[in-house]
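Dock chains E, L and G with the ligands against the given chain C, drawing on the hints supplied.
In case you want the letters, here they are:
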Amino acid sequence: MNGAPVLPALLGRFAWEDLPFVRFWQQPSLSEGIAAAAAALVIVGAVALVLVLTRYRLWGTLWRDWLTSLDHKKIGIMYIVIAFVMMARAVIEAVLMRVQQASAIDAPGVLSPDHFAQLFSTHGSIMIFFMAMPFITGLINYIMPLQIGARDMAFPWMNSVALWLTGGGAVLMMISLVVGKFSTGGWTGYPPYTGLAFSPDVGPDYWIWAVTLGSIGSTLGGINIACTIYKLRCPGMSLMRMQLFCWTSLCTAILMIFAMPPLTVATALLALDRYLGFHMFTGDLGGNMMNYANLFWLFGHPEVYILILPAFGIYSEVVSTFSGKRLYGYTSLVIATMAIAVLSFTVWVHHFFTMGQSAKLNAIFGIATMTIGVPTGVKIYDWIWTMFRGEVRFTVPMLYALAFMMTFTLGGLSGIILAIPPLDYLFHNTLFLVAHFHNMLIPGLLYGLLAGYHYWFPKAFGFRLNETWGRIAFVCWVVGFYLAFMPLYILGASGMARRTAQIFEPDFRPWLYVALAGAFVVLAALAALIVQLWVSIRDRRETAVWAGDPWDGRGLEWATSSPPPEYNFAMPPRVDGPYPFYDGKHDGPAIAPPDHYEPIDVPRPSALGPLIGIAALITAFGLVWHAWWMAIAGLVAVIGAVIARSVVRNVERTLSADAVEAIDRHWRDTVKATPAVTRALETSVANRGVSATAAEAAA
Amino acid sequence: MPLPLLLGGCAALSHGFLNAAGPVADNQRHLFALVAVVLAFIAAPVLLLVPLIGWHYRRANRHHAYRPKWTFSWGLEGLIWVPPLLLVVLLSVLLWRATVRDDPYRPLADGRGAVARPLVVQAIALDWKWLFVYPDARIAAVDQLAIPVGRPVRLDLTSATVMQSMLIPRLGGQIYAMPAMRTQLNLRADHAGIYRGANVQYNGNGFARQSFEVLALSPAEYAAWLARVRRGAQPLDAGAWAKLARRQVAPAPSFYVATPPGLFHRVMQDAR
Amino acid sequence: MTARALYPGPDLTRHADMAEKDAEQGLFGFWLFLMSDAVIFALLFATYGVMLSGTAGGPTPRDVFELQPAFIETGLLLASSFTWGMASLALKYRDSRARLLAWMAVTLFLGLGFLAMELHDFATMFAKGAIPARSGFLSGFFALVPLHGLHVATGCLWIVVMAAQVMTIGVDARVKVNLLRLGLFWHFLDIIWIAIFSVVYLQGLAA
Amino acid sequence: MSARATETRRYVTGLLLALTLTGAAFAVVHWPIADRGTTLAAIFALALVQALVHFRCFLHIGPRRSSRDDLILLLFSSLIIVLMVAGTLVVLSNLATRMH
Ligand code: HEA
Ligand code: HEA
Ligand code: CUA
Ligand SMILES: [Cu+2]
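In the order they appear, the protein sequences are chains C, E, L and G. Counting in this note's numbering, the first sequence runs from 1 upward without gaps. Counting in this note's numbering, the second sequence runs from 1 upward without gaps. Counting in this note's numbering, the third sequence runs from 1 upward without gaps. Counting in this note's numbering, the fourth sequence runs from 1 upward without gaps.
Hint data in this document are derived by calculation from the structure and do not stem from the laboratory. Hints may contain errors.
Claimed, not checked - Computed from the model, here is a short list of chain L residues facing chain C with C-beta under 7 Å:
hint	residue
1	GLN25
2	GLY29
3	PHE33
4	VAL39
5	LEU43
6	LEU52
7	ALA56
8	PRO132
9	GLY136
10	SER139
11	VAL160
12	VAL161
Heads up, the beta-carbon is just placed ideally off N, CA and C, and yes, glycines get one too.
Bound conformation, chain C alone (with noise of 0.2 Å):
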């Protein structure tokens, strides 16, 4: 892949073999086919995107109403769909490289040794960085202003600049397959081997900076997301009046300010090794690279909880609302979420329990591991004694909620087996360990993210998600989970490492042959996904719920029209107990109407963030490919944007009263005009988002 640079002055150090097509041209092969075929598809979807919104004049409104708004459940929804799009990709490399482990049995495989490894190094980095960040983010974009009677996140601005980070850095990940090639380095990148003497080629130097954008994105966000809670909680609204949500993003938010700096430390020295000849994680000249590996677990275990806190709040609302009571343990559950969130900064060694360090500081750094057992166990307790005497609805957010307690379980007792050391010494690096954050990633937080789309998408969208293709996606989901994950404990155990591309032991055949079989049954859960979505928007009109409510909710977030107004609330809700909504639907007016209606500020639509985007985005590239002026000009106009930015004072949008009072008005009267649903027929077609109280439905 060295073939000579074109137009060095102009296109850094791109040469024609940095084209996948190129590549499959001179030396055609089934792995340069299949990355080819990527690169193809990466390029035919970004012209027929741009062919159909052109088709249907879509620009515009896409410009206006979405890519520039800074409206948080916007930037929310946004967040997510950039989520979706990245999975596609990793999920998708995900069954090749479940395929070529099954097909490279004593045989070559299908794939390159050296395209193994850049799909299970996309495949982390994506689902870490590119699906699970911007899917909780997006969530907690979402909800958490409408679940503390918000109307805004505190910087929406911010929030946008942090949206289209996210997205550059997407974008990187995407034309890596296109020009060039990705890092083999896995998603922890290690040096020596990601420096300059091993990884000449410009696959670190994409990982870096799309990690650098992404990270700079949360970073942000977490920012933003700490400065809502802590500042703009509605009246009435005190910290141990939140629903469990808010307190997880709350933690999440704090680890996501304080742990992502680790991670921009560790890529950033890797970058100086890698373009200024430093010797920070060298071999030679007194570099230290076990300093890399202390750096980037110093983040690396922090993430992990980033990811499990705002799933552990979904579980916590979804687990209340459909077993119809009240939280069991509130405080506690508040507890053990700070509890895990403080004590995430003090484990990280167990990541390297084998590079040498004496064994009592193993064994300290495998006690504190273990205690995260402690907080975590209560929790999954907590979730159960809420359903001890409540009345159990089976609905597709519950059924996650269930497997997952019971499949998490096995996870963390996998991750409890990994805490102490001499047995990490036998499952360190091999498919045991790959099993265990499988156990966590999948029925952990993937199914909360899936909990939280079921019962959150007629908030967003004005209508419920049909119920059979949900349950069908559950049973594949629990199904191939098992299937998939299950045999790599047991080949772990045997032996077998991580990240092989090929396998020269016959015995481990049939496991690796199940857990290709589990793989697709993960991929048809992701097809019934699909199925149902589409289904769902057909049957829009009979699901519709704009009354609000679907689920005789809890939280302030139920107290709005679904899709809520722009300003979420007409006027601030004010609380005087610990389930406003909930007490106020039983015991008198759940929202009674104000009294009278004022203007409204909303903040204006604001193309600097996309732009900031775009501009971090080709200082990226430029960057990668040395090409200095082009870094230089975006790392310009990202500053002059910044400048621009503050130089603008019409920030703000004013709603007239009237306006509020007329469309708060017409929610309110659909609200009186539906008929009231009891739990009974919560999934039929009867249920247009105003729940019967307890009474009514005795009566």
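Using the frame of chain C, we list chains E, L and G with the ligands on its own:
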């Protein structure tokens, strides 16, 4: 589960630490069993309570209490915090003892429990192969590690390339090998046999093929092995070293004599 | 001090053009950012500490650090913190715009002086062959200290931008919040510098 | 005294304290009076005090209600920073001693 699969699974596991062939892996196997029992007790309540409570309190079931405002009980609270905490304390004791006992740096006794001078082997990680230097015998082997059964072995590890990690599942342990640094792994084989060892830290295209065989030999066979190597092998001179340092997979084990004294330290120095 | 002087610098409640809450939120958000930044610096300090022994036969701290310039640079930064304090008082008590601008200009001048001296230090080090590619220790140094310099340079650019806004837009609510943030930033950089002169220069030169 | 005079005095006090502490730190290096360990301890102690002075006099952090959130944030940040820095130094120095 179909029978062939089950058998296949056992076949797979026989390559791992559950089929331990030395004291370290054996310790780890015992520890694993013990921990598994404790964890089974931790898992059981959750695995039972979730389906039982979920099902019993289902909405369709009219025969249960419904207390939507019940949110707290000190008794339950104690039950969910204290026993897990005690279990963690118990596990911590286990963990501490086992970690200190199984420190890869800790020298091992010989098969009969007597203190013995370990066989020192220096392992140099290369792309994509392992070079095992026997400093006393002044021989070296690529991708083959022969050790006498019953005698403790001390591996000194370093790397002439990127970070790698050595794992021999049936003997135990795992430790990183890093340029300019030296780590240690103490092992012993108690049964004669051929075991698989590998680098398990990804290091490039040849990674999947960077494994080696461990020959655990009786003392007589070991002596014969040494003699065989001495007889048939080429000297490890500059030319041979240059060939080894290339980023290539070794197609088959190869052997060297006349290894330069202090080779291992030179490799460490050169990396600096 | 008045009982309702709620925030450092200007007492926002005196001004009808800005709700106290807005300012509080704007500043708290900035504090969060500063703390995130502080973690970056903290880790670079830790890294520097780790790399200290990695001189690889090249220059040692003793060979490349000098006490006197570090002392003068410290003096410049301390003075600039004080002058920025005067600027914030001018803002708070609504002194004339000229007075505010004058204090800002003095601060800028001191900041630029610091930068000039620091660049000169680096040039001297380069001349002695103490470049980052020489050793781990020098890499650690050049990852840490110039980052602080980069922050100071950002601060200087920010002062220029704000001065331009004070001149053209005047002191409205947004300018005020930005000036307050700039103040936090500037004083925060001082604290980082305290750590730098202690951990890098003084530790390197202590007998 | 007017509010402004009080506040001005606070900045002046801050500056004087900072200069004194800086001066002291440079002095113990320029005119060594103790062994290296003691000198280093003195330098770091002086730096810590000076940082506190800056927080109090320039950044106006204190127990007052209005800056309570900031104070708590700072304390939490200090905890995390101590954990990370101390952890890094302990782990990496432990590794260094075991790798010769
Ligand atoms: C969140 C993280 C995440 C997720 C979900 C997954 C999901 C999957 N992973 Fe992933 N994986 C990682 C994170 C993740 N992985 C990481 C970090 C690594 C390590 C990389 C490295 O080595 O550096 C890795 C490595 C890894 C390997 C390499 C193992 C090795 O080293 O040998 C393999 C091999 O098969 C694999 C397989 C799979 C499979 C089959 C799935 C399937 O389960 C995928 C199925 C997923 C879906 C089908 C889609 C998910 C659905 C949604 C997101 C919701 C939909 C939303 C709406 C409808 C709105 N993974
Ligand atoms: C969402 C993600 C997530 C979560 C929540 C966790 C949670 C945990 N993880 Fe996991 N982990 C990862 C994602 C996650 N992990 C990833 C991605 C990696 C590898 C990255 C890579 O290398 O690429 C990893 C790696 C990893 C390692 C490193 C292994 C190695 O590299 O060799 C270790 C070691 O200690 C570990 C342990 C734990 C523990 C103890 C928990 C605990 O938090 C689990 C707590 C839960 C329970 C214990 C179950 C429920 C509790 C009860 C029923 C109560 C009673 C319990 C007790 C008394 C113990 N994890
Ligand atoms: Cu690795 Cu020392
Ligand atoms: Cu971890």
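For each hint, the structure was consulted:
no.	hint	verdict
1	GLN25	holds, 4 Å
2	GLY29	holds, 4 Å
3	PHE33	holds, 6 Å
4	VAL39	holds, 4 Å
5	LEU43	holds, 5 Å
6	LEU52	violated, 10 Å
7	ALA56	holds, 4 Å
8	PRO132	holds, 5 Å
9	GLY136	holds, 3 Å
10	SER139	holds, 4 Å
11	VAL160	violated, 10 Å
12	VAL161	holds, 6 Å
Hints 6 and 11, counting from the list given before, are not met by this structure.
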